[in-house]
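A.B. asks: Sequence:
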Amino acid sequence: MPVGTTDALTALHDHYIRAVNTAIAAGREPLAEELAQQYADDALALILPGDGIQPASA
Numbered sequence: 000m001p002v003g004t005t006d007a008l009t010a011l012h013d014h015y016i017r018a019v020n021t022a023i024a025a026g027r028e029p030l031a032e033e034l035a036q037q038y039a040d041d042a043l044a045l046i047l048p049g050d051g052i053q054p055a056s057a
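For the sequence shown, numbering that gives the first Met the number 0 assigns the number 0 to the initial residue and increments by one for each residue that follows.
Treat the hints with care, since some could be wrong.
Label pairs and their computed distance ranges (CB to CB) [stated by the list, open to error]:
(1) Gly3 / Ala25: 29 to 37 Å
(2) Gly3 / Gly26: 35 to 43 Å
(3) Glu28 / Asp6: 27 to 35 Å
(4) Thr9 / Gln36: 14 to 22 Å
(5) Ala44 / Arg17: 17 to 25 Å
(6) Thr4 / Pro29: 26 to 34 Å
Quick caveat, the hints were computed from the structure, so don't treat them as lab data. None of these values were measured; they are calculated from a predicted model. Virtual Cβ for every residue (Gly too), placed ideally from N, Cα, C.
Assemble the whole structure, with the sequences as input and the hints as a guide.
C.D. replies: Right under this line is the structure:
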């Protein structure tokens with residue numbers, strides 16, 4: 000992993016944890032599931048060598 004990837008993954012994880020917890024607290028489980036999938040996609044985009052595609056959010 001390139002230098003800084005760990006920090007980027009930590010920040011991404013923290014962002015999604017807050018978003019998922021907020022969705023669950025609001026009773027929006029389908030949104031929480033969607034956010035969990037988006038986190039996986041965004042994390043993979045940070046880890047895998049890419050073709051210039053950026054994560055959807057951070």
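A.B. asks: Confirm or reject each hint.
C.D. replies: Hint by hint, here is what the structure shows:
1. Against the hinted window of 29 to 37 Å, the Cβ-Cβ separation of Gly3 and Ala25 comes to about 33 Å, which satisfies the hint.
2. In this structure, Gly3 and Gly26 meet the distance hint of 35 to 43 Å, their C-beta atoms being roughly 37 Å apart.
3. The supplied range of 27 to 35 Å is met by Glu28 and Asp6, whose beta-carbon atoms lie about 30 Å from each other.
4. For the pair Thr9 and Gln36, the supplied restraint of 14 to 22 Å holds, since their beta-carbon distance comes to about 20 Å.
5. Our hint of 17 to 25 Å for Ala44 and Arg17 holds, since their Cβ atoms are close to 20 Å apart.
6. Look at Thr4 against Pro29: about 30 Å separates their beta carbons, and that is inside 26 to 34 Å.
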